[in-house]
Amino acid sequence: MNRLLIAGRVAAVAVSVPTFLYLFPNDRFRSDNLFLVPDLVLCVVLIVGAFLPARQAVPVLGFGFAFAGGVIGTAVSSYVARGSFNIFTALIALVCLVMGVLLVWHGREERSGLSVPAP
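Note that the sequence shown ends on residue 119 in the UniProt record's numbering; no numbers are left out.
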């Protein structure tokens with residue numbers, strides 16, 4: 001679990017900080033940007049989750065990555081609908097979905113007592 005949680009914390013910062021910074025170039029921090037609120041929500045949830053104690057971090061990061069995967073996956077679909085494809089955005093969406101599934105799955109195992117302690 002420690003490695004997974006560390007990877008989740010690093011990935012949360014690696015996804016949320018650039019997502020937040022992406023809002024400022026080209027004036028994307030405006031009320032008619034459909035992604036503004038979802039991007040801000042995913043940034044806050046991932047950053048908060050990254051700094052919580054392990055017991056609280058797992059479910060918060062699991063939810064945050066699932067939410068981020070949906071938001072960023074929608075952005076990928078938006079690119080495709082406009083006739084382009086951004087591989088970087090698609091990879092970020094994939095990372096979010098994989099991390100979300102792994103954290104939720106592991107959190108479920110821990111709660112049910114099925115996880116095997118690391119040596």
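Please keep in mind that the hints were generated in silico from the structure rather than gathered at the bench. Hints are not guaranteed to be accurate.
[As the list claims (entries may be wrong)] Here are the computed distance ranges between Cβ atoms for each label pair:
hint : residue 1 : residue 2 : range
1    : R28       : A54       : 27 to 35 angstroms
2    : L40       : S77       : 25 to 33 angstroms
3    : G70       : N26       : 22 to 30 angstroms
4    : P53       : S77       : 17 to 25 angstroms
5    : V48       : L102      : 17 to 25 angstroms
6    : N2        : L91       : 22 to 30 angstroms
7    : L91       : P25       : 17 to 25 angstroms
8    : L40       : V101      : 20 to 28 angstroms
9    : I6        : G83       : 35 to 43 angstroms
10   : Q56       : V80       : 32 to 40 angstroms
11   : F85       : L34       : 29 to 37 angstroms
12   : D32       : T89       : 15 to 23 angstroms
Built from N, CA and C at the ideal position, the CB exists for glycine as well.
Now for the hints, and whether the structure bears them out:
no. : hint                              : in the structure
1   : R28 with A54: 27 to 35 angstroms  : 34 angstroms, holds
2   : L40 with S77: 25 to 33 angstroms  : 20 angstroms, violated
3   : G70 with N26: 22 to 30 angstroms  : 23 angstroms, holds
4   : P53 with S77: 17 to 25 angstroms  : 35 angstroms, violated
5   : V48 with L102: 17 to 25 angstroms : 19 angstroms, holds
6   : N2 with L91: 22 to 30 angstroms   : 25 angstroms, holds
7   : L91 with P25: 17 to 25 angstroms  : 20 angstroms, holds
8   : L40 with V101: 20 to 28 angstroms : 24 angstroms, holds
9   : I6 with G83: 35 to 43 angstroms   : 39 angstroms, holds
10  : Q56 with V80: 32 to 40 angstroms  : 36 angstroms, holds
11  : F85 with L34: 29 to 37 angstroms  : 19 angstroms, violated
12  : D32 with T89: 15 to 23 angstroms  : 20 angstroms, holds
Violated hints, listed in ascending order, are 2, 4, 11; each of the other numbered hints is respected by the structure.
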